[in-house]
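Asks: Here the protein sequences line up with chains Y and X, keeping their order.
Under numbering that gives the first Met the number 0, the letters of the first sequence match residues 0 to 324, in that order.
Under numbering that gives the first Met the number 0, the letters of the second sequence match residues 0 to 457, in that order.
In short, the hints are calculated from the structure, not lab data.
Be a bit skeptical, because a hint or two may be false.
[What the hints assert, rightly or not] Per label pair, the in silico range of CB-to-CB distance:
id, chain 1, residue 1, chain 2, residue 2, range
1, Y, Gly193, X, Ser446, 16 to 24 Å
2, Y, Ile4, X, Lys447, 34 to 42 Å
3, X, Gln408, Y, Ile4, 52 to 60 Å
4, Y, Leu68, X, Lys447, 23 to 31 Å
5, Y, Ile4, X, Ser368, 44 to 52 Å
6, X, Asp87, Y, Asp194, 52 to 60 Å
7, Y, Gly193, X, Gln408, 18 to 26 Å
8, X, Asn272, Y, Ser311, 52 to 60 Å
9, Y, Leu82, X, Asn272, 45 to 53 Å
10, Y, Leu82, X, Lys119, 41 to 49 Å
11, Y, Lys40, X, Ser442, 34 to 42 Å
[Said to hold, decoys possible] Partial chain X-side listing against chain Y, Cβ under 7 Å, derived:
id, residue
12, Ser342
13, Met388
14, Ser391
15, Glu405
16, Ala407
17, Met441
18, Ala454
19, Asp457
Note that CB positions come from ideal geometry on N, CA and C, so glycine has one too.
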Amino acid sequence: MLEYIGDIFHHFVDPKKRVFLGYIALSILIAILWLVFLKKKRLKSAIFKVFDKKILLSGSAISDYKMFLINRVLMLILSPYLLTQLAVATFFYYSLLSIPLSGLISFLNDTPAIVVAILFTFVFFTFDDFTKYWVHRWMHKWPVLWALHKVHHSAETLNPITVYRTHPLEGILFSLRGAFSQGTVISTFFFIFGDKVDLVTILGVNFLVFSFHVAGSNLRHSHIDIKYWVWLEKILISPAQHQLHHSLDERHYDKNFGAALAIWDWIFGSLHHSEDIDNLKLGVEDNDFDPNSITELYLKPMKEISDIASESLSSLKSLNKIFKI
Amino acid sequence: MKKLIVMIVAVFVVTEVAAHHFYSKFPITLKGYTGDKTNSVSYSGQIARHVLHDSLKKLAGKGDGGSNAAEIEAQMMKYFKGSKEDLDIIAPKTKGDFKIKQTTLNQISKGKNLSGKTYKGVINGWPGQMTGPEVIEFMIKKAARTKGGFDPATGYNYPQLISKFAMGAVFYNQAVDNYLDEKMAPGSKTNDMPYKDGAYYTYKEHAWDEAFGYWGAVSHGLGLSAKQNYDITKMKDMAAADQNKDGVVDLKSEYNFAHAYYASSFDKGGKTNYYNTVTQAFLDGRKIIAGAKGEKLSSSEKAALQGHIAVINANWEKVIAESVFKYAGSVYKDIVKLEENYSDKAFSTYAKHWGELKGFALALQTGKSNLGETAVKLNRLTGMGPVLMNASQVTGVDSAGNYIKEEAQSWGEFKLHMLKIQKLMVEKFGVKAKGNDMLADMSSLASKVGSSDSAEND
Ligand SMILES: [Zn+2]
Ligand SMILES: [Zn+2]
Chain Y
0 MLEYIGDIFH
10 HFVDPKKRVF
20 LGYIALSILI
30 AILWLVFLKK
40 KRLKSAIFKV
50 FDKKILLSGS
60 AISDYKMFLI
70 NRVLMLILSP
80 YLLTQLAVAT
90 FFYYSLLSIP
100 LSGLISFLND
110 TPAIVVAILF
120 TFVFFTFDDF
130 TKYWVHRWMH
140 KWPVLWALHK
150 VHHSAETLNP
160 ITVYRTHPLE
170 GILFSLRGAF
180 SQGTVISTFF
190 FIFGDKVDLV
200 TILGVNFLVF
210 SFHVAGSNLR
220 HSHIDIKYWV
230 WLEKILISPA
240 QHQLHHSLDE
250 RHYDKNFGAA
260 LAIWDWIFGS
270 LHHSEDIDNL
280 KLGVEDNDFD
290 PNSITELYLK
300 PMKEISDIAS
310 ESLSSLKSLN
320 KIFKI
Chain X
0 MKKLIVMIVA
10 VFVVTEVAAH
20 HFYSKFPITL
30 KGYTGDKTNS
40 VSYSGQIARH
50 VLHDSLKKLA
60 GKGDGGSNAA
70 EIEAQMMKYF
80 KGSKEDLDII
90 APKTKGDFKI
100 KQTTLNQISK
110 GKNLSGKTYK
120 GVINGWPGQM
130 TGPEVIEFMI
140 KKAARTKGGF
150 DPATGYNYPQ
160 LISKFAMGAV
170 FYNQAVDNYL
180 DEKMAPGSKT
190 NDMPYKDGAY
200 YTYKEHAWDE
210 AFGYWGAVSH
220 GLGLSAKQNY
230 DITKMKDMAA
240 ADQNKDGVVD
250 LKSEYNFAHA
260 YYASSFDKGG
270 KTNYYNTVTQ
280 AFLDGRKIIA
290 GAKGEKLSSS
300 EKAALQGHIA
310 VINANWEKVI
320 AESVFKYAGS
330 VYKDIVKLEE
340 NYSDKAFSTY
350 AKHWGELKGF
360 ALALQTGKSN
370 LGETAVKLNR
380 LTGMGPVLMN
390 ASQVTGVDSA
400 GNYIKEEAQS
410 WGEFKLHMLK
420 IQKLMVEKFG
430 VKAKGNDMLA
440 DMSSLASKVG
450 SSDSAEND
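Excised from the complex, chain X in its bound form (with noise of 0.2 Å):
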């Protein structure tokens, strides 16, 4: 008997400490709801979204060369500006015993789209002066004229433009440009408010929760180490995505996405921990606005929330700019193979990793604060396409669309600006995982010969 109550205790102190790590359960506060909701998390249209991402990124790649031409713009065009027919979730799919629960997107959430909610300022990085929304249009219709989404004739790689770009444009700028900071600025609307009418959370609480889903973490990842949240998304550990051991993967709460995968994929080397950082600030926020039940948040609570969106905003920041830094490392080492040996196959690969620094370099741009400097700098280095076989490189579109070339710069040249761009990541953000870091073997070196600070006199 004794051994059973302590089995009991021991069984309710633990889900106890569990759900303290857990986005999951938060109580209704909403002041009047009548309703039978006990719940107040929600943050289904940000996972809806992430699939559409995922999907729009497959699709990217399934362009025969020109006759499926478009078929697959029109169906690209429905994941992003989304439609009124159910889509069926093309990614993330069932991977053997990597079961899905979800396989169309009404099932997670209906009518969302990824148009609507793009950055709208103009992406100086890319050719064309276009607008969040006009570039991922503008990348759509050419990809779909690709075979396989990559076009040789200008090095690009479009389900990683698209892919890369989009989660900057739409979840990193929802999340810190609007979520976390409009609707959490004095002026907005306040918490003793629902969401909308007949909500059943409050205006912040939701405010919170959808910039939650946008950074794409599962709601027990903070539980996890950094290589299970990594081959959750990789599909590789069932036990550690099916948290509630349903024998499926609910993508509404137990698969990681987009750059809260890219925070695990750095935090598994062991220097950084972002993804816990920013997963616990979300917690910690969300406890916050909880804990005023559903009164107006009084001032001490507005200024430990801003302390946890400042920590959400860097951290989520270093993530793209580690990212960035790691795929200049990428292209670096490419062009050394290419310089070395062509073949197609190593030029695709280049072209590959180019599209994927290309993307996070935009995606560092659509964040809360305007980067000035770094963000020219960036884009001029980063260049408008890969430098190109015969040295030549893509500088701009007419006013067809279709892409202007001009004799490029030196691969020497090119590859010292993948070099300067990881400089640049190390001095403005201060980068730590770096990954393909390629003054890595140099700074070992270093340590290796020892400092010259003994003040020795010979």
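Next up, chain Y with everything else stripped away, as it sits in the complex (with noise of 0.2 Å):
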């Protein structure tokens, strides 16, 4: 009980977290002065804007932080079992070894340690992001993923608490993903850099990270529709951007799958730049679902994908029959 208050707290804490009170702090800071300079309101309108009671603490939000508070419970029962990166690594590390390279690359032994680890930095945090594209663009395209999916696109107002209203299936297979990239990415550094290999860090988080929460990362989770420029909106995905990801309109299906970088989208055509639109509708359509029900949020999918398989598998008999004729 007592680790799991601790884990709670931690999360606003600890600037690795993306919910850390000072990115909070930040994200409110930016959205009130968007909404002054950008959008002229006043001040005090603004920051009733950015505490607006009607967001924050609609059914759809308190479903939000009850869901964080359950599945923090769930992933401290289920962390031990994760596939941790370390062990990716080392496993890739191994094969790395068994292949004799080691020649081809002796070349690179000289580039400073400071060169290697902006270049870690970048690429760890730039596989990291296409890797969260792919697996979110999949959480889209199959049914399967999407039922798991559904949960966080069926909030129907946002907040920063939303990053966490996510199936704990889900949460697994993001965490595979994590464990995947970062470890693979770890591993071919550590294969040709060795212990020169280092993370370029501001309070102990990737500066890479640390810029994009300190820049706001928590809006994109919130009514606070900042927008970039057009150019940057195909670099780094605007809070604008991702609001459009959840909407209801079927013009904005499958758009911007992107996490910070933009850039994915654009390469592989799913880049959608942000509009002028008040009152976005968000949620799904999904008519016998409810989205503030915290059961239904957890057993609705497992039902929906046992369902699935269950008909996959009536139509392999169904093929089995046809071809046993």
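Reconstruct the complex from the two isolated chains, following the hints.
Replies: Next up, the structure:
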């Protein structure tokens, strides 16, 4: 129990976590500045807008908070069994060593440590972001995965805690993705550069991740539709672009899968620039799904998956029959 | 007056508490003993063997390249097979203020040898399919013909090979496979019998003491820090060694030998506690035997003793596995250096570390349990000899005892083998100290990056 409370507390005081209070505070500041200087609102009404009760205490938001608290229990129990990036890294490292490459890459031996560290930090962040893009895209594309990811999209209002509105099975998939992407990059760099590899950090956090959070990553899940210049929205996903990803409007379906970088959406044709829409409608089109019911949020995806599974099983069986005949 | 009483009581309490940590004084419990002995603890024969081993290691580096071969060989054989005459202690010897009480072996115990106590099984990890004593004799002959114990043609460093292998084949094997195994098993002599006719200790008392003697710890080691225990063997901490403050270090109880010393070397890193764990188990077991007061051990006493034996076996084995782990890492680093820049010195350092690795790897296989597949893998990964600069390697010996060399694996592959050895030690023995962990940088980086179990949705 104590461990659990500590873990929750930890999420808000650890700069490695997105909802670190420092990042939240900066996000609030950015939101107010945006509303005052670009939306020409009065300071008072800007503050009112940021702390809008209808958003922060909506039924959807309450279910976000509940899911966050429940998921932390589940992750605490599960995390010792999850594959770690170190396990992946060790495995990959051994595999790399059995390939006789050392002669080919020996010219890299003299690379200065600072260059290696900067390179590692960029590659690590970029590759991590790249895999996030693809996993997210698959979450939308494959019915089984969509059944899980729908939980996140069922939010009808967005707030920073909505990032934790995630089905635990989806959480496990994300953790596997992280272990894979981080483990492969770590081991590859170690194989090439040995102990020169290091991470460039601020407050103990990858400085690129830190910059992403300081620049208001928490506003992605909020009602403050900050837009970037068109050219920048091809490189970095703006809050408004991610909000659009949550839109109910069919025009916005399967757009903006990116996490921090927009370049993947740009390259793979899923980019959608932000638009001037007041009151974007958010959520999923599903009449027999109550987005505010905790039991449904946890159990409905499981039922859907088992339905999909039995369906495909029966079609497999009928196929089998055809072949027997 | 009051003060004086308090002081006397305090001194009494302190010495009493300390005494509980000592493996030095246990009463005579043997029924019908009429002699004047008051302490049943005795393991001077084991200390004599430690000294034979330390001296033998020193001698193995005394060859001058051939001309004194016969003389060195004969001398080494005396320390291996024992001698009728009294032998000088060649090591450990007084160094500066660190004064050693004994200078000859008979001052410790008479008529002891190593050969009679060496593991008799076949040593698969060494070329020639020889038994334990045959391997050491073979190494002695080869060592005597080298200059300083090192043979550049094969990469063998004999002082290291002989020493690290003998520590396993004699001390570890005798303790875990004989004294703590057969002599504690059903069917052996019972605790109401003397160890042998005329002895003043019981069978179990003495068998237990002998095992403790092979472990090699000082009798007051539990009261010392790992660093102090380590520095005793390095002859840097006279105050810690000289427990009875008589100004000299008594090898019989005040000097850490062999695996006890290696245990302290790992423990001082703070991640492990092998020295105290094993020494405490020995002490607790000895208390159980003394508590039987010369009667047969009850079944609950036997069970408790088996519990302590299991602790001793597992942790002693880990100490050797940690050593294998550490030297595999050393060899890896040495290869990296050699690949960058060859020098004779770098090569001999590499060969020395490989010798330590090989010796410990062979030692690991002389325990109570057959390591099976793990041993096969370990021997294959270590190789019969270190990979040489011309990419050849010893693979066997011919009938005349000459080494056969064949083309070896690549350096890259050999380096990989070292990592695999480390992995094997982690998986099979759960080593924790992990000296020279080649993947340590990677794991610290992984923890710097942070875990990815937050279930965040982007
Ligand atoms: Zn989505
Ligand atoms: Zn979202």
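Asks: Given a hinted range of 16 to 24 Å, is it respected by the beta-carbon distance of glycine 193 of chain Y and serine 446 of chain X?
Replies: The hint (16 to 24 Å, Cβ to Cβ) holds, given that glycine 193 of chain Y and serine 446 of chain X are roughly 18 Å apart.
Asks: Can the hint on serine 391 of chain X be confirmed by a CB-to-CB distance to chain Y that is less than 7 Å?
Replies: Given a least distance of 18 Å, the restraint on serine 391 of chain X is violated.
Asks: Starting from the range 52 to 60 Å, see whether the pair asparagine 272 of chain X and serine 311 of chain Y falls in it by beta-carbon distance.
Replies: holds (55 Å)
Asks: Could you tell me whether the CB distance from leucine 82 of chain Y to lysine 119 of chain X stays inside 41 to 49 Å?
Replies: holds (46 Å)
Asks: Go ahead and decide if the range 52 to 60 Å is satisfied by the Cβ distance of aspartate 87 of chain X to aspartate 194 of chain Y.
Replies: At roughly 47 Å between Cβ atoms, aspartate 194 of chain Y and aspartate 87 of chain X fall outside 52 to 60 Å, so the hint is violated.
Asks: For the restraint on glutamate 405 of chain X, tell me whether the closest CB of chain Y is nearer than 7 Å.
Replies: violated (20 Å)
Asks: Go ahead and decide if the range 45 to 53 Å is satisfied by the Cβ distance of leucine 82 of chain Y to asparagine 272 of chain X.
Replies: violated (30 Å)
Asks: Could you see if the CB distance from glutamine 408 of chain X to isoleucine 4 of chain Y stays within 52 to 60 Å?
Replies: holds (54 Å)
Asks: The hint says 34 to 42 Å between lysine 40 of chain Y and serine 442 of chain X; measuring C-beta to C-beta, is that right?
Replies: Violated, at about 50 Å.
Asks: Less than 7 Å between beta-carbons is the criterion; does aspartate 457 of chain X satisfy it with respect to chain Y?
Replies: holds (4 Å)
Asks: Are glycine 193 of chain Y and glutamine 408 of chain X spaced within 18 to 26 Å by their CB atoms?
Replies: holds (21 Å)
Asks: Return the status of the interface hint for methionine 441 of chain X: holds when the least beta-carbon distance to chain Y is below 7 Å, violated otherwise.
Replies: holds (5 Å)
The structure is inconsistent with the numbered hints 2, 6, 9, 11, 12, 13, 14, 15, 16, although it conforms to all the rest.
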